[in-house]
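**Q** Sequence:
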Amino acid sequence: MYEAFPRVTVPHFLGDDYDDEGHQLSEAISAAKVRAESCSSFMKAAIRWSAEFGTSRNGSSELHVMLAEYIYSESPETDMTKVSSHFVRGNDPKKFASMLVNFMGKCYPGEDDTAIARGVLMYLSQGNLRDANLLMDEMNEQLKSANSEFPKTDLIQFIKYLLPTLERDAYPLFRTLRQKYKTSTDRDAVFQELLDEIAAKFYNIQRQNPLEGLFSEMFKI
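Counting from 2, one number per residue, gives the positions in the sequence shown under our numbering.
To be clear, the hints were calculated from the coordinates, so they are not data collected in a lab. Model, not experiment: these values are computed from the prediction.
Here are the computed lysine to aspartate or glutamate pairs in the EDC-like style, where the Cα-Cα straight-line distance is at most 20 Å:
#	residue 1	residue 2
1	K45	D80
2	K153	E142
3	K153	D189
Label pairs and their computed distance ranges (CB to CB):
#	residue 1	residue 2	range
4	T184	F43	34 to 44 Å
5	N103	Y172	27 to 37 Å
6	G55	T166	29 to 39 Å
7	G111	A147	12 to 22 Å
8	F54	N148	45 to 55 Å
9	R58	K83	18 to 28 Å
10	Y109	A147	18 to 28 Å
Beta carbons: idealized from backbone N, C-alpha and C, even for Gly.
Required output: the full structure, derived from the provided sequences and hints.
**A** Structure (structure tokens):
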């Protein structure tokens, strides 16, 4: 559906006439933002309708995937948190993996492992261990095919330890991991809230402020 939406061409480089082309670039970016926001609003309305009249309270999984792809490919300033929040309510972790691998190739240093961890933690905050594992497995396969690999950071190491921990009744180990890697998980303001929600989902540890803060904002439609 979203392939039929109109698109605004944004210049990729400036020539000798910097002032004129710089003005054109600014106008093109502004137009692209307006167009992306308008199309996103339309798709969000469709998701809200599907949540009200469909079988899932989160709305259509397929529409969430379409919106995630649209935001990633068409927004001039891509919000990876929004992209991930729709992918994790979707039904295609392989597409999510492909998008993250693509993002790794063009993001700033330090953004790649944060985006990967955010996606995994968002899945887990929904109680979806299966797709969190599928995401990491699919990324691993795609990175191998491209002769690449996961970022070698403490945050990725934390994620790799966390996934098998959640397959067991091992809350003390979960708590130890959080303490050991707190410096890494403090890099993103929402990670601690996601981990609190994961503790509630997998170990019945009650959150102090349920459905408040960044976590609740993240999954609004």
